[in-house]
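Taking the hints into account, I'd like the entire structure generated from these sequences.
Counting in the numbering used here, the final residue of the sequence shown is number 311, and the numbers go up one at a time with none missing.
These aren't lab readings, by the way, just hints derived from the structure by calculation. Fair warning: this is a prediction, and the values are worked out from it, not measured in the lab. Take the hints with a grain of salt, since some may be wrong.
[As the list claims (entries may be wrong)] Result set (SDA-like, lysine to any residue): computed pairs, CA atoms no more than 25 Å apart in a straight line:
no., residue 1, residue 2
1, K158, D172
2, K132, K161
3, K272, N43
4, K132, R96
5, K198, P155
6, K54, G94
7, K161, Q110
8, K158, A118
9, K161, Q189
10, K132, A63
11, K198, D153
12, K161, P149
13, K187, G213
14, K54, F150
15, K132, L169
16, K272, V29
17, K187, P4
18, K187, Y212
19, K272, R299
20, K158, K198
21, K187, L3
22, K54, E119
23, K272, Q300
24, K132, C115
25, K158, A196
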Amino acid sequence: MRLPSTVKLVEVGPRDGLQNEAATVPTEVKVDFIRRLGEAGFNVIEVGSFVSEKRVPQMADTAEVLAQIPWRDGIAYPVLVPNMVGLDAALTAGAREIAVFTAASETFCQRNLNCSVAESLDGYARVCAAAKERGIWIRGYVSCTLGCPFEGDIPREKVAKVAASFLRLGCDEISLGDTIGIGTPGKAQAMVQAVAEKVPRERLAVHFHDTYGQALANLLAVFERGIAIVDGSVAGLGGCPFAEGATGNVATEDVLYMLDGLGVRTGVSLEKVLAVCRFVTSHLGRAPASRVGVAFLGRQTNTIGPAQTPV
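Here you go:
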């Protein structure tokens, strides 16, 4: 099996994970969540978004989060922005990295952004140009790369075209999302291969959901195609509001356990990530949606008791 020697883990839990939570998560909890992730060894932590507060009320305090997090050298804290208004708000709040997003599915884009894919890219042309003028690092997200809840299969050529458009707009990194988690290893490899013909592999990340339990297998498949950047969410937090039954992002601790077992370096501590998993799930009042997290918490409860578990 051909594997990368090093994988960059991008933690998206504070934004993509928490944004689907119905109950408001206090700002101080988000700040502590991000602090603990930094101490665990992540060098990219997605901390929030400047989208409409009416559509995503959980992210309404992103400016306050940016103001309160303990900024650490060597860690990027990107925020999601949908348009120039969002970019202006992000810059005012002190953001140094941003992310923009569209889909490979026309219907999903209309439901999510109220515009066509082409219209979304036209809008991001201004956003990316303005960000680049200020030396801001940019990530581009492409949703529905392995299937859409409305359109079904998405031609991989369409995914490659959208990803190439983000590259031309100046995105430094492009994340390919299996938004509803229906991909399988062969399809994941074929999609990545098609995109890599238009975008350098070292600038590609994958963002897999685990709805059908295929995320880890899909990751191994794309590692064999030269991908070495992975998005994950502690405790498997997240989901897709437009896809009934779509579970959260692949759990960071599941990915990390696999990579540690394979001898692939990440610079992230599994022990500390599991402590973060316990911290955030205790505040949300539920068990983690991850095999490793459940096993860890069960072992701790059965041996030393929850009060003695480090957080």
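Structure-based check of all given hints:
no., hint, result
1, K158 with D172, "holds, 20 Å"
2, K132 with K161, "holds, 22 Å"
3, K272 with N43, "holds, 14 Å"
4, K132 with R96, "holds, 11 Å"
5, K198 with P155, "holds, 15 Å"
6, K54 with G94, "holds, 23 Å"
7, K161 with Q110, "holds, 18 Å"
8, K158 with A118, "holds, 12 Å"
9, K161 with Q189, "holds, 17 Å"
10, K132 with A63, "holds, 21 Å"
11, K198 with D153, "holds, 21 Å"
12, K161 with P149, "holds, 20 Å"
13, K187 with G213, "holds, 15 Å"
14, K54 with F150, "holds, 24 Å"
15, K132 with L169, "holds, 10 Å"
16, K272 with V29, "holds, 17 Å"
17, K187 with P4, "holds, 20 Å"
18, K187 with Y212, "holds, 14 Å"
19, K272 with R299, "holds, 16 Å"
20, K158 with K198, "holds, 12 Å"
21, K187 with L3, "holds, 18 Å"
22, K54 with E119, "holds, 22 Å"
23, K272 with Q300, "holds, 14 Å"
24, K132 with C115, "holds, 24 Å"
25, K158 with A196, "holds, 13 Å"
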